[in-house]
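Build the complex from these two chains, which are given one at a time in their own frames, with help from the hints.
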Amino acid sequence: MLMRTDPMTAHTPEATSEKVRPAVQLDGVTKRFGDSMALHEAWLKIRPSEFMTLLGPSGCGKTTLLNLVAGFLEADNGEIFIDGDLVTETPAHMREIGIVFQNYALFPHMSVAKNIAYGLKTRGVDKKEIARRVDEALALVKLSGFADRKPRQLSGGQQQRVALARALVIRPKVLLLDEPFSALDKNLRGSMQVELKQIQRELGVTTIFVTHDQGEALSMSDRIAVMSAGRIRQIAAPDDIYRRPADRFVASFVGDANILNGRLVEKRGDVAVVSVGDISAEVPVAPIAALSIGDAVDVFVRPEHLSVTARGASGSLPGTVTTQVFQGGHVDLYIDASGSARERILLRSPGIAALSSCPVGAEIGLIIGSDDIVAFPPGEAA
Amino acid sequence: MKRSPATIALRWSGRIIVAAILLFVLLPGVVVAISAFNDRAILQFPPQSWSLRWFYRAFSYSDFAKGFWNGLTVTVWASSIAVVVGSAFAFAIHRYKFALRDFLEGILLSPLIIPHYTVGLGILILASQTGIGRGFPLVIFAHVVMVLPFVMRSTYISLENLDTRLELAASSLGATPLRILFTVTIPLLIPGLLSGWLFAAILSFNEFTATLFVSSQATQTLPVAMYNYVREFADPTLAALSVIYIVVTATLLTIANSFLGLGKILNVDAH
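Read top to bottom, the protein sequences are chains A and B.
All you need for my numbering is the position in the first sequence, starting with 1, plus 6.
All you need for my numbering is the position in the second sequence, starting with 1, plus 8.
Just so you know, these hints were derived from the structure itself, not from any lab.
Any given hint might turn out to be false.
[Claimed, not checked] Straight-line distance between alpha carbons at most 35 Å, and here's what the computed DSBU-like set of lysine-lysine pairs gives:
#: 1; chain 1: A; residue 1: Lys148; chain 2: A; residue 2: Lys192
#: 2; chain 1: A; residue 1: Lys51; chain 2: A; residue 2: Lys203
#: 3; chain 1: A; residue 1: Lys51; chain 2: A; residue 2: Lys148
#: 4; chain 1: A; residue 1: Lys179; chain 2: B; residue 2: Lys74
#: 5; chain 1: A; residue 1: Lys120; chain 2: B; residue 2: Lys105
#: 6; chain 1: A; residue 1: Lys156; chain 2: A; residue 2: Lys203
#: 7; chain 1: A; residue 1: Lys127; chain 2: B; residue 2: Lys74
#: 8; chain 1: A; residue 1: Lys273; chain 2: A; residue 2: Lys51
#: 9; chain 1: A; residue 1: Lys148; chain 2: A; residue 2: Lys120
One chain only, chain B, in its complex shape (with noise of 0.2 Å):
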């Protein structure tokens, strides 16, 4: 059968914009990561000479050092009581019918509707009330509050896949539930729990908005850093730290992918 030339204008209109969507969605990396590698102390693309010098800076620059450093130390705590306390809740809304479930389920996810200047806001109000200082017991809390409902999500999933079978299975040999919890249930969640806490890290290490709101000078976190220094200076510095970023990210995650089975874990719905 003979196609119509709409059919065919029609099939290759879909290509094109298909394309196009592609090509917008990795033009600002590229542009960056090229710009990153420009001669001259200006953002500027593309280049008109090349050099490193700009990564030799990122490196350099005792503020990205810092920021850093406080990230991670943000990130780490953050992210690990964000498991702990996430996965004891999606725990509980998973396994027991209780009063107010919903409404507790929604609480804890609420933090995906709330803007995250609104987060850093709002700690930041409580905190000038309260006399709190801006430390990193500060930043670390907004930190828990935004990754939770990420953490959740993601044991919630690994409890969903996870065979009860094998727990009575378990208690038919003999053990007590707090020894399946133990020798089976945690056991067998620990992929879900380190996707959960990756992907916590991930967030909790990007996070700008509300961090800028509850850190100070001494606190502040990398991507504080950074807009920090693109208000002082328009040299390629931070396109190089991009870069830097994009490689470090992008081989955590293929690292993951291959020993946790991360796009399964993702490809799973929770409800």
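If we strip away everything but chain A, and leave its shape as in the complex, we get (with noise of 0.2 Å):
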């Protein structure tokens, strides 16, 4: 097996127990190029064998870090911990790191074996043992029988099955996934996704993966790091960071929301109860803790939160029904809430029943079902 030196470590009760070393650790990591901040003092910690992606849209940062963690790049603030060692000046080509490329980056004069082969040869392994590695790669990426084959001659799908063989032959300490899915097709993406995430867990390496896809990002990963304009907004398991967003930007980078116009009524505790029309809703404090009672806010609403009920039914919100949009598993309705909201509500109603009873011109009423709401200060709709 491919396996790393024990990943159990990390499970068994004194590992745990212990504070665990992270695998990789960012503190207070600034690159700047020319008068453009790239990335605002990152402070990361990465634990053994977790799968961790860094989330935002093109130009948050999230690539600098990548090529800071790989040594592409040199830090100009800040140092970064490897494995609990110092990597900060090290050079890229002994950290001991994996990538794969949005564009898989194989040589391309080089047989597939020898791609595999390069970061074996690099090390000084001998011949036997290089041939046995690379044969039991290529069986974990279901590749055996391609060998010899040209990277030129292969799918974009085995051409990415033979980069992540080549990272992973080497063992590395860290594996680095730049957008890898984003050339594939949609069927075979998904498939890939399964299949390297399955790879992950049974190898237990310490991966950052990096994605402007959140539907990628909150299917893979243990932990996700949000990132805009060079800076990391928010660290949170999948399910929080969809809950619990920490900022209005998270909150709409994140799956979709609806901005519906509340107002603050009462702070109690870790909690906060806003009012949105005749509806009020408890809400975590710690976004909107410097507004007083009374204050607008804005309340965050996922479309599946939304259900519709009859008009002028108590604690609801009124709404004229504008477009339905059939998307198979569900319906999308489009709701003008004029009043409630400043733009079209979307409202995601699961099976096919809304296609029937909610027809387009419908006035119907809008009830929160569920917990799951946040508030922000008023801001832009970002």
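What follows is the structure, given as structure tokens:
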């Protein structure tokens, strides 16, 4: 097997009872390109065997962070540790990291086997051992029998498997994935995601995955660091990111969100009560702790947390259905509720019942059917 | 919609102009090629009677044979030196930012705007002042100067087209910069280096103006030998030589194109 030295260590009781040494640690890492701040004081601790995703729009600094960990860029400030060792000034070729690029970057003049063997040759591994480990790696990515092909003779998915095998065969301390799925077509992407996740879990290799695709991030990660404009906005497990976004950027970037006009009614302990029309809801107090009772707030509600009721029912908002979009498993209703929201409200109704019960033009009532509501100080719709 | 007579006239005059240009491009070569088969010892078009004897003379005339081998020596040395030196400079200019970078690039590309007779004359003056004889090193030196810009450009374009992520991938796999250079960078630049060498070779082998200044009887290349021949004789030997030359060059280029994708390299703009 291509196992790292006992990846289970991290899960044994004594390892967890002690403070686990982070596999990767960034302490206030800053990187500027000329006048622009590519990465602003990033603090990040990645646990051994963890699958950490850096999620954000292009230009948010996620690729810069990845390149800093890889050693392709030098940090202006701050320190980087891999496996507890300070590597801030260690050149890339001495960091023992594996990387898979978006375009795979396979050496076009070498066969699949030579590509995979490259990192072993640089380490002076003997020939027999190289052959054995290359075979093993090819089996791991289900490409046994492709050893003598050239990269250009492979499909995109196969090229990606080779790139993965090449990165893993050196038993890297960290595996870096730079948007590896964006060049694949949609069907292949799904199956490669499942496979990659499976391999990652099997080997227990610490992984940093860069993507702008929130679906990929939510489905694959142990934790996600959401980034924007060179800053890490929130680091949390996928469900926490989705249910309890830390700020309005995270709330709008991850998943769909409706922004309702609300008011702060009450603060008690960790929670605050906000009202939208006749509805009142509890939200985490932290993001709006600075506001006073009676101040306006933006209330973020997921489309699937809204449901339809009769017009005028108590605790509901009035709205008019303007568009129906049948999505197969669910129906998207666009609802005009001016007064409660600045923009059209999106409501996601499971099943197909809404197709007939909520025709275009129907006057309906909206209710919020979840506790996962968050509120932020009013601002531009991000 | 009906086209106006003016439109039709414009369209036809355009076609005629294009046809005329194409004709004039080919005309000199065609005239010379046909003249080469003249039986009589004069350059005449079209010939009255036909023969292959000037081809025989082109091959047997000793100055031509010597000029050919001299030219080949100069070409191989000059192109090879230019590829090594030019590529090193192209690499430095492409990869590193340093003071006077643009200035250096300007100097290295300047032979494009300096006439060949200036290069020849300059080197000749220097050689006579310093007492360096007009041997092969002098001719080769002149040729290196003149072909350097072309080699640099060819390497530069190849570097532009090289995906730097390949080098990053190699370094993540533990390869030192030197190892990356020899296992990734240079192998991937080889088509560009070869096509640069080939262009340098064609230019060098054809070069006449500067070579006339810097060569001697012992080092004269084929173009210089041809010039000296035409001063004495006016028979179709040169025409025959031209035909041979065109056929050989065209063959070489065709082979190079199918192996290296020369057209692809040339069509990509560097800057």
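Consistency of the hints with the structure:
{"no.": "1", "hint": "Lys148/A - Lys192/A", "verdict": "20 Å, holds"}
{"no.": "2", "hint": "Lys51/A - Lys203/A", "verdict": "20 Å, holds"}
{"no.": "3", "hint": "Lys51/A - Lys148/A", "verdict": "33 Å, holds"}
{"no.": "4", "hint": "Lys179/A - Lys74/B", "verdict": "65 Å, violated"}
{"no.": "5", "hint": "Lys120/A - Lys105/B", "verdict": "33 Å, holds"}
{"no.": "6", "hint": "Lys156/A - Lys203/A", "verdict": "26 Å, holds"}
{"no.": "7", "hint": "Lys127/A - Lys74/B", "verdict": "50 Å, violated"}
{"no.": "8", "hint": "Lys273/A - Lys51/A", "verdict": "33 Å, holds"}
{"no.": "9", "hint": "Lys148/A - Lys120/A", "verdict": "17 Å, holds"}
Hints 4, 7 from the list above are not met by this structure, while the remaining hints are.
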